[in-house]
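Put chains B, C, D, E and F on the given structure of chain A with help from the hints.
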Amino acid sequence: MKSVFYLLDTAPYGSEKAFGALNAAAVGLSKMDVILGLYGDGVYLVIAGQDSRKLGVPNLADILYAYGELRVLVHEPSLMERGLFEENFIETLELTDEEDFFESMKKSECVILL
Amino acid sequence: MKSVFYLLDTAPYGSEKAFGALNAAAVGLSKMDVILGLYGDGVYLVIAGQDSRKLGVPNLADILYAYGELRVLVHEPSLMERGLFEENFIETLELTDEEDFFESMKKSECVILL
Amino acid sequence: MKTLTIVLTDGPYISEYADIAYKLAESALEQYKVNIFLYLDAVHIPKKGQNPSFFTNAGQLISGLTEKGAVIRACSRCAGARGYLPEEEIIEGSNCRDYYPGIKITSVYELSEMLSKSDRVISLSR
Amino acid sequence: MKTLTIVLTDGPYISEYADIAYKLAESALEQYKVNIFLYLDAVHIPKKGQNPSFFTNAGQLISGLTEKGAVIRACSRCAGARGYLPEEEIIEGSNCRDYYPGIKITSVYELSEMLSKSDRVISLSR
Amino acid sequence: MKQEQTNVFLLTRPPLNSRSDLCLKLADRTKNVRLYLAGDGVYHLLTKIEEELPECKVYACKEDLEARSIRAGDKVKIPDNFYAMFIEDVMEHSEHTYTF
Amino acid sequence: MKQEQTNVFLLTRPPLNSRSDLCLKLADRTKNVRLYLAGDGVYHLLTKIEEELPECKVYACKEDLEARSIRAGDKVKIPDNFYAMFIEDVMEHSEHTYTF
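Residue numbers (my numbering), protein chains in the order written: chain A, 1 to 114; chain B, 1001 to 1114; chain C, 2001 to 2126; chain D, 3001 to 3126; chain E, 4001 to 4100; chain F, 5001 to 5100.
FYI, nobody ran anything at the bench for these hints, they're computed from the structure.
Careful, some of the hints might be misleading.
[As the list claims (entries may be wrong)] Computed, partial: chain C to chain E, Cβ under 10 Å:
{"hint": "1", "residue": "D2019"}
{"hint": "2", "residue": "L2024"}
{"hint": "3", "residue": "E2030"}
{"hint": "4", "residue": "Q2031"}
{"hint": "5", "residue": "Y2032"}
{"hint": "6", "residue": "I2091"}
{"hint": "7", "residue": "Y2109"}
{"hint": "8", "residue": "E2113"}
{"hint": "9", "residue": "S2116"}
{"hint": "10", "residue": "K2117"}
{"hint": "11", "residue": "V2121"}
{"hint": "12", "residue": "R2126"}
No experiment lies behind these values; they were computed from the predicted model shown.
Just so it is clear, CB atoms sit at the ideal spot from N, CA and C, and this is done for glycine as well.
Looking at chain A on its own, in the form it has when it is part of the complex (with noise of 0.2 Å):
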């Protein structure tokens, strides 16, 4: 495999996924051309300004901001369907039509949901 697509399709903080999402997408950029697509549920990843210091989990929003280098697109019927259009995004996001998301699903060698 030259290229990976992790999908993650669960919202942030419920659940470990979102942060299992982003470690092994991360580590794996040395290797492989990694796009990390956010779809359903995941997209909500994308709000600014995130802060869960009080909740005692890592900061998902710091953790996309320190892998600068990595892709992610992010599935913009799921954001319309979701209420976010008038928040503010983290800026190193890619929004992507349905079409192009699929695309690059197709494109990727492999794709791995978590």
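Coordinates of chains B, C, D, E and F only, in the frame set by chain A:
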């Protein structure tokens, strides 16, 4: 508590949840009024003729038969949505419309989702 | 004194319910009796030796509740399936050497017992 | 020889993916190299001492695959969080005394290593 | 004067989730509802749940709002100690408690 | 003669599930699809998935059908050894493999 409503909304066999809900409901019978409500994917449990030997997991239909005194309510709209019209159902179950299903939940002193 | 019973079914970290149950129980213990029943994957919550670098140790949290009076029990079928076995001897309030102090493995009948003696019940599961 | 890597994220019993992974790996091992990476809750799968009265022992199943040549590794962060700690000493092919034989705890970097050397990848998670 | 009995709902799932739908359906058929949003339940504020359930008092957990960077509208109450308030409501003033 | 490259999908989720929807959307945009149903994925036969995806070859796992008491229509293939067939397809004849 004198009454408990266990709500199962997970498909049988893909997870231990259905087995867990059946066991918890069955052991409660001696102390309380127990209802097991099948909702969403939980309604797949109604199909007669289940044979799980080759999977190496308990036959959940047999457990339902074994606890004939357990009241099991089946949410009919969930059945319809899942295309379960032409199947044979286990006879001891009670099909209920949405109104009655929610009324039963409200009449029980507590609702437990597994 | 009124009694609250909390039923959990998820393991730690993969879901936030161990943390939420801790906060609920901690608040409730100031005035009420609290039971927690660990069912299905929740029997993993009290496993000893957790070292979650970035998260709060869920096993220690929940074990700490027993010092404040919470009664915490794990389902023996679920625990046995996952490799947690009850023993005769009780050490630090636990009958499982794999568990943090204060948490005992008992049968699922204990769940019915807890429920029948409770005023309120909360279940948390993903 | 072609290589298949299977990525798991769920614990045993609560999901059927340990069983499905076993069947996939067993078939694949007849002709191919097989890696299995245990991530998140899947690090519970190899826990020793499982006694699931009504189900097939998932830990023994997966441990048996290593005898047929499968390489099975667990994420060290996920394992450590849940109380499974790697040790220096390797006994029966494992560096964790809580684990069935043949399964080692390694870092998540091993996942990238496995993926980059694989021809096909299958992930199973609920 | 005795406080009126309420029905307390705790919702910890995000929108577009089958358990959230079940919660909202049941709340819709119930009187005197107090809806507590914690965990991923606070994402319902993005879809204005407080306007969908105008009869219902809505509370949200501050730590969960901060972690997820969600702002609450004026109709939503953000208690200083969410869990203490929830527990008091459940134990002392509620007829029924439902958790989704 | 070289066999045509296929795209192999393994679906283990029931209908009305967001991952099933994602699987079907992706399958719909993909050529030469072989859809393998295992686990709770076999419940898709109740909603006639083989008719929704007429271009697609559909296989179902026998043990999973039996456990769940699901009958398969004529268009659905039920291999003697589902996993052996799946693995051969994945390893030897597929361009891509997707699991949902």
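Numbers of the earlier hints that this structure fails to satisfy, in rising order: 6, 7, 8, 9 and 10
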